[in-house]
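Participant: Based on the provided sequences and hints, a complete structural model is requested.
There are 2 protein chains.
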Amino acid sequence: MSRISKKPLFVHRSSSLLVCGFLLAVSCCANPVRGEDPLPSWNDGAAKQSIISFVARVTAEGAPGFVPVAERIATFDNDGTLWGEQPMYFQAFFIFDRIKTLAPQHPEWKDKEPFASVLRGDVKSALAGGEHALLEMVMATHAGMTTEEFDQIVKDWITTAKHPVSGRLFTQMVYQPMLELLTYLRANGFKIYIVSGGGIEFMRPWTERVYGIPPEQVIGSSIRTKFELRDGRPVLVRLPEINFIDDKAGKPVGIQQHIGRRPIAAFGNSDGDFEMLDWTTSGSGLRFGLIVHHTDADREWAYDRSSHVGKLDKGLNAAAAKGWTVVSMQDDWKTIYCVAP
Amino acid sequence: MSRISKKPLFVHRSSSLLVCGFLLAVSCCANPVRGEDPLPSWNDGAAKQSIISFVARVTAEGAPGFVPVAERIATFDNDGTLWGEQPMYFQAFFIFDRIKTLAPQHPEWKDKEPFASVLRGDVKSALAGGEHALLEMVMATHAGMTTEEFDQIVKDWITTAKHPVSGRLFTQMVYQPMLELLTYLRANGFKIYIVSGGGIEFMRPWTERVYGIPPEQVIGSSIRTKFELRDGRPVLVRLPEINFIDDKAGKPVGIQQHIGRRPIAAFGNSDGDFEMLDWTTSGSGLRFGLIVHHTDADREWAYDRSSHVGKLDKGLNAAAAKGWTVVSMQDDWKTIYCVAP
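Chains A and B, in that order, are what the protein sequence lines are. The working numbering numbers the first residue of the first sequence as 1380 and each following residue consecutively. The working numbering numbers the first residue of the second sequence as 1380 and each following residue consecutively.
What the hints contain is simulated information worked out from the structure, not anything from laboratory work. Quick reminder that beta carbons are idealized off the backbone N, C-alpha and C, glycines included. Some clues are possibly wrong.
Said to hold, decoys possible - Calculated cross-link-like contacts (lysine to aspartate or glutamate; reagent style EDC-like; alpha-carbon spacing at most 20 Å): (1) B:K1701 <-> A:D1610; (2) A:K1627 <-> B:E1607; (3) A:K1570 <-> B:E1450; (4) A:K1701 <-> B:D1610; (5) B:K1479 <-> B:D1535; (6) A:K1693 <-> B:D1610; (7) B:K1701 <-> A:E1607.
Stated by the list, open to error - Under 8 Å between C-beta atoms, here's a sample of chain A residues computed to sit facing chain B: (8) V1597; (9) A1628; (10) H1637.
Facilitator: Structure (structure tokens):
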């Protein structure tokens, strides 16, 4: 329990505006004007209403559902929830690009799977080796350097790499309605965490710029690191060993490790988020769970129960009984992707 | 790099006052009045001056040492830095008290070391078994319950247990000068983390009340947890397996895992903090490292190079060359413990 002022802080906070890939600070104390729509890219309907109603209830001081600011923790999955994940996780494009970049230093890759397939541009064959092949590619591209070197590698990639289908920068494939939701929750005193199966150090270099979420509020899968002195200077070296997998039943574990308290709201899109949603919404007091359902084959992708990426089956079955909001991208969202300035 | 407003936020923040065991919110926007001493329990001298000078330089907008608010991360060791650690770590008292409480459910402990020694009140013999015996006692008292059950166990203990020498509550053995330092740093836009070798879930139940540091800003050693359904309700069960040791070279690793960026200031008291101080102060730009040296046998304890708890040897040798401030508790502090209201 917090003894920090029970008064909602939002009137004292600097506000900010998320614009496709850029977090812009706006004048201090600028709040959404009362009566103005905080979620303009959301169609009016049950999903939008459930969000607004939840936020109104937990922020109404003196009302039974009131939650102090310190406890207003919201967790968001990343892939498929905040940005796209088709035709494969965007981190996989990073892996393949890195293999191509590193190939000159690894002449042996020409004859060694799964690297040989990647270098031939045959992603399907590269992934045919299953988890073992994937792990080998992850370690070859994510380990062996310092944390600061890896940070720079990701920063360089994310500012230039483009999605093969949309031709957009990956950071321009974040969902405009979700950016509005992040801004809306923040304006109401929420602290927002990403809780993703993706690599924690793959996300941290850009989540602050793109989502307004600082590195310390990113939770993800990780490899081990080791403290070393290099030329007398301390560094952390990334080792080719799994440290933590932040997916499925790992998500509540990761949340407890990093946050140390149960969120009051959780947002996901696949069965990898099921345990996080269940953990969050089974706490006492008002809770909120939301699933983004990919239903828009024209503007994005349509997939659920049998998808190889972002499979959503158990969650769809359980949502009604658990009281989770299911968002249909086709019906509930006016716009899909953020609009570049 | 943050794109959040570069303007120091402290004029917009709620301030708070730490009073022995209680974090009190004071009126919004109340800042330390300019000219008023922000560290009244510190004697004027080089140590106090080094703190004030560092804070002034990193908060002076437009000056070469300026650091944006988002990057003002400070890490504090707990045992021996924020509260006492003699004649043994306070968490050890918790372990022994728990063994006594749990003894009726474990009749076998009467004849089994190290438990038998604890039950006879012979702490020295209990600890004679070294690391193996200690680990056995940790697991017997810290594992097997849910995270929420453990939280309540710690809360109950910390509000009643008293230190055998001082007769004070353990939370009244926090250092008044350090409470002032936490308040001073917060008022200047710093985000403060505890980075302790102690148990992360042993600290979280009370650090917000005592230090104003919320659970998500506590980093410590941990055991593994497992997500389970109990009667259909999700819980996290604490397992008798070490997950992470947040000491020595583990501290920078823990900092990177949780925060994802290098602090600009670090505060410790023993060689267990050496790597954290080194990691912090070897970053670019202005950095600050401080060691609390226990030199006051009358008002607290005096120990360093050969102590079995809080050994400080390497740090004393290196401090001058590394530019770290060494605080002498006897000379630099007017008061040691916080003053109960």
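Participant: Taking 20 Å as the top limit, are the C-alpha atoms of B:K1701 and A:E1607 close enough?
Facilitator: Between B:K1701 and A:E1607 the Cα gap is close to 17 Å, so the pair holds against 20 Å.
Participant: Take a quick look at whether A:K1627 and B:E1607 sit within 20 Å of each other, Cα to Cα.
Facilitator: Answer holds: A:K1627 to B:E1607 is near 12 Å, not above 20 Å.
Participant: Under 8 Å is the threshold here; is the Cβ of A:H1637 close enough to any Cβ of chain B for the hint to stand?
Facilitator: It holds, given that the least Cβ distance between A:H1637 and chain B is near 6 Å, below 8 Å.
Participant: Report holds or violated for the interface hint on A:A1628, using the least CB-CB distance to chain B and a cut-off of 8 Å.
Facilitator: holds, 4 Å
Participant: What's the verdict on A:K1570 and B:E1450, does the C-alpha distance respect the 20 Å limit or exceed it?
Facilitator: Status holds; Cα separation ~17 Å.
Participant: When the nearest CB of chain B is found for A:V1597, is that gap smaller than 8 Å?
Facilitator: Holds, about 6 Å.
Participant: For the pair supplied as a hint, A:K1693 and B:D1610, confirm whether the alpha-carbon distance does not exceed 20 Å.
Facilitator: Between A:K1693 and B:D1610 the Cα gap is close to 19 Å, so the pair holds against 20 Å.
Participant: Does B:D1535 sit within 20 Å of B:K1479, going by the straight-line distance between their CA atoms?
Facilitator: holds, 15 Å
Participant: Against the 20 Å threshold, does the CA-CA distance of B:K1701 and A:D1610 hold or violate the hint?
Facilitator: holds, 15 Å
Participant: Compare the distance between the alpha carbons of A:K1701 and B:D1610 with 20 Å, and conclude whether the hinted pair is satisfied.
Facilitator: holds, 15 Å
Consistency note: the structure conflicts with none of the earlier hints.
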